[in-house]
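Undergrad: Now for the letters of each chain:
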Amino acid sequence: MNSTKSIDLPRLAAYCLTGKNQEETSIMEDLISKLRRDRVDKPVIYIGTGTCGYIAGAGRTMQATLNYLKEKEIDAEVVEVGCIGLCIHEPMVDIQMPGKRRISFSRVTEDKVESLLDEILNNSLPDSPVIGQYSHNNHEQWEGVKLLSEMAYFRMQNRIVLKNCGIINPFSIEEYIARGGYKSLTRALRNYSPDKVCEIVEDSGLRGRGGGGFPTGRKWKTALNAQDEQRFLICNGDESDPGAFMDRAIFEGDPHKLIEGVAISAYAINAGKAYIYVRAEYALALDRLRRAIDQATEAGLLGHNILGSGFSLTIQVREGAGAFVCGEETALISSIEGKRGTPRPKPPFPAIKGLFGKPTVVNNVETLANIPAIIENGPAWFASIGTEKSKGTKVFALAGKISITGLAEVSMGTSLKDLVYYVCGGVKNGKRLKAIQLGGPSGSCLPEKSLDVLIDYEALLEAGTIMGSGGLVVMDEDTCMVDIAKFFTDFLQRESCGKCIPCREGSRRMHEILENITRRPVNESGYETLERFKGVMQLENLADVIKDTSLCGLGQTAPNPLLSALKHFREEFEEHIFDRKCRAGVCKDLKVYYIDVEKCTGCTACAKKCPTNAIIGSPRTPHFIIEDKCIGCGICFDVCKFVAVFVK
Amino acid sequence: MNFPIEVNNKTIIARKGETILEALDRNGINVPTLCHMPDLYPTGSCRMCVVEVEGKPNLITSCSYPVEEWMKIKTHSPRVVNARKTNVELLLSNHPDDCLYCERNGNCELQSFAEQLNIRERRFTGKKNKYKSDPSGSSIIRDPAKCILCGRCVRTCDEIIGASTLGFIGRGNKTIIGPSFNKQLNLSSCITCGQCIMACPTGALHEKRHSTDLQNALHHKETHVVIQLSPSVGVSLAEEFGIKAGKDFSGLINAALRKTGFDKVFDTSFSADLYIMELAAEMESRLKNNGVLPMFSSDCPAWIKYMEQWHPEIIPYVSVCKSPQQMLGAVITNHYTKTYHINPDHLYTVSAMPCTAKKFEAQREQMTHKGISDVDAVLTTRELAQFIRLNGIDLQQNETEHADFPFHIRSSAGKLMAVPGGLTESLIRTLHFRLTGKDISNFKINELRISKDYKEVKIKIGDYKLGFAAVSSVKHANQLIEEIKAGRNDIHFIEVMACPGGCVGGGGQPIVKDAGAIKARTKAIYDIDDKDPIKVSYKNPAIVELYRDFLGEPNGEMSTKLLHTSYKKRDVPL
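Chains A and B are the protein sequences, given in the same order.
Counting along the first sequence from 1, when you hit position 430 you're at 430 in the working numbering, and nothing is skipped either side.
Counting along the second sequence from 1, when you hit position 71 you're at 71 in the working numbering, and nothing is skipped either side.
There's no promise every hint is true.
Reference listing, derived: stretches of chain A covered by chain B, where coverage requires no fewer than 3 residues with Cβ under 8 Å from a Cβ of chain B [claimed, not checked]:
| id | region |
| --- | --- |
| 1 | 153–161 |
| 2 | 339–352 |
| 3 | 485–499 |
| 4 | 529–540 |
Cβ pair distances, simulated, as ranges [as the list claims (entries may be wrong)]:
| id | chain 1 | residue 1 | chain 2 | residue 2 | range |
| --- | --- | --- | --- | --- | --- |
| 5 | B | Arg120 | A | Asp596 | 30 to 36 Å |
| 6 | B | Lys174 | A | Thr314 | 15 to 21 Å |
| 7 | A | Gly585 | B | Lys130 | 42 to 48 Å |
| 8 | A | Gly322 | B | His369 | 52 to 58 Å |
Hints were generated in silico from the structure; no laboratory data involved.
Keep in mind it's a predicted model, so treat the numbers as computed, not measured.
Backbone N, C-alpha and C define an ideal beta-carbon position, used for all residues, glycine too.
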């Protein structure tokens, strides 16, 4: 797997980064073309082993592949790669035969390995579902296989951050260097002062990809100009939004790009120590990241006096203990300091007074992964992508009822509609789109009619949502918006750190009110009904106060899912409250079951199974359901052999 | 630098670098606060001090936000008041609502907020967290159900005292405050100083009552009930009856206590003199016999518990003298009962203390004799006030009375033990006499009277050049121990009090809003020392008599048996 281990890393790094040694040119160029897979001598089998791959069975696929090669005594190279973004196709296997183009296959589970390899290693196209083939001028094309670049999914993307993800071996710093990696770091260290790097990033218009959208270059300048002898850089990889996995893909698929970005940023703010804060649940990401840091240190790209520039940097990986709130920068800092992860009031901002009281820049993974490309291509290039105020690209993690679940990186200014319908193929199973939830649990949902909005910090804000970190959940007509609001509110009230009153108490009360309206009022007294209505009456005021007075972003945005659902789908809430009905049929408690007198044979099967004795009737005569006793469990519906039970 | 800002459409002058809250305070505009603690870094957790600042999308906390020149602030706009009100209602929605059964009924910040904000309707009802109260501690009872998580106890315990017992546990709505791993308080590292009670806005923390059996004991025919009154209770008890701090009311209290039915009312200041006599003798012996130095004081039981937990290695350095409360307890049981032919089985000894740790001290194994404690019940100042009220006695409708013979006379040195640095001053007076045979010429040592938590003074007594340190908070004691371990040797005596402000600011004192109360109590003590004719313990005639008739000499055989104690290492979780 680590076939490149034998290569002399310092020699390669020296050749690629610090000036070409003419004598070595031919050997090195040959090596580089091999590392770039421009030329392969034996079949190369790439297996997607990101977390998404492993979950789909990539581990077993790999084992089956290795067994196959051993058994048949075939000399082939097996390479682990990260996720290219098409999580729906995992476990993905790519194969590159000598002289031929790399070709991708979808869902190669272990049982399909043998038939696939049997065919392809004999240079014939197997039956397995092909996703497409890569473009390469010098490689022979597979007949009848479309180009990946022609797929809407790839065509409409603009991959800067994800450029290498799923393509290169994340365990190999050599591959990264051969593809031009660490050149930007070298350039920054050799040609630019820290001031200049800040200026380039500021000119590029890059803004924080964690959701806040604060201009990155300006943040760096503040920290650089803060009067202190020590500064810190923190890379925030505590990606905890349900349904967001952009950072994970970078950690797992292209860790060196992030490390290069961290190193450049640390140089720009003159920080000798950087922390990468990764949630502990990302075991695979942590492993790959740590290995990558070791490799970079070995290559002299981290550590003392990097590339002879006089700049030294150590990167420490810190594991988060699984608190959502630690994605908030001050809580994250507190966590790194070894304290309870709770936010503190700002100002002072971390850029002035952060980790251990020193100026600290906290940047998101995606933000930092953009840096090498900006240094490489210049600020003007980056600023040419996107809209007037939002530059560059944004990676979205698409989940929910969508045809292609996975990652997509699109230029700013692309419409949400294009992203959902064209890049990701629209709603699954031909259903109608109801809403999308953007920006994770603290984001807002947008109804279908608002999908024309462009991806742009300000435009999204105007449309009533936020960019967030890039989680995008697609919901179809079978989704209950009250249930969704309840789900996110529940998530946030559980993840509240418990420090400030509005978030701690308010979000719990908000969740309870939502629970009350989705619950069937069994044995409810008049007083309780009144309380329930009183709760509903307070819902909006409560949400406003939570938004207005909470300490950190978690609380300030906690009412967003509810408020946006209320804004766009008020009639659904009213149905739940007044008619006690859930149109999507999601809120089980609100389902009411009836027995069709014509069809009921009086077999008593339902009455026997009913857990609350809500069904009455004598044998061989039609039965009835007592509505007040029914808890809507649906057992009668399931046991009836005569389709006499129906839902209204 | 000063500049004008606009507040509620009027201009006020703000200073650069201060917070909005400070600017408002100085200009007489009152913004409610809950988690705010002066001199500590703002945590911004309660959101009560929010104000509306033009140009800011959200309300901002005035306690943490620095004031800026462009600011236009509204402190009581409908939006702000609604936010405060809703937040208090949210607290109430998760509160047991049993005010009538609560320790702090009538003196509760949550009650005041509800009243101020005119909360008259229950808008939010929800599931309440049901937590059980923890009565395991010897001094302090913790009732998490009443806790509103303002965090003041946590910060007091950690940042002011340095014991770091309390902390936040759990997340979100399930957050509670408790000792490590949410264990019971008796198993924790709690030093029982009670400052958390003083910090608590509600009844979530309060002392363990010792006053419940008292009424029965007082009205029991055979039982002989005596009470001892701590030097600092005299200057603080009156505040519970609405009298402003600043005077010693011991005389009135003596009279009131006799009315409630105590057979004898003794003065702990007397045994404070006794403590100083013993301490000075021990100090002299350590100095002359090359004993281990520095010597640490032993009168604060919270400090003793802290020391046993975290620094058992310094046990030989700590004075072996029992605290004044326990000395008097021992003398009462062993001498008073014999002299006055009282059956010790019928004796019930009560002490009124400014302190919760004294409840713990009275139950220390080393303080018991055949399993029976020398002091049966320890009341805090608050409990004593409540007890006086229970018996229907109006404190001010009394004539000043003296304490009872034979433990009735005190020197002002004994009274000085109520304030930080006071013990050191008193000790120096007696030590001077012991080492030189002469009275000290200058009684007042100004270095020990400044209002700081850490004080030091170097004094030459006879041939000895001695360094004295007085610290109030175990945080400073800990620091000093580290310094001494690192080789510091210019300090010979260290007075440690766990509470900032010493006994007058103890954990059993009245919980009052007046920020200047502790200063006023301290001043009252110093006033006594200025006016009193007897300023040294060795001239207290009652002490002289006690040594003549019973104890022999300080540090003698009888003293060692009755007035000295021992310590042992304690294992507690971090």
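Undergrad: Output the indices of the hints that this structure fails to meet, ascending.
TA: Hints 1, 5, 6 and 7 contradicted; others consistent.
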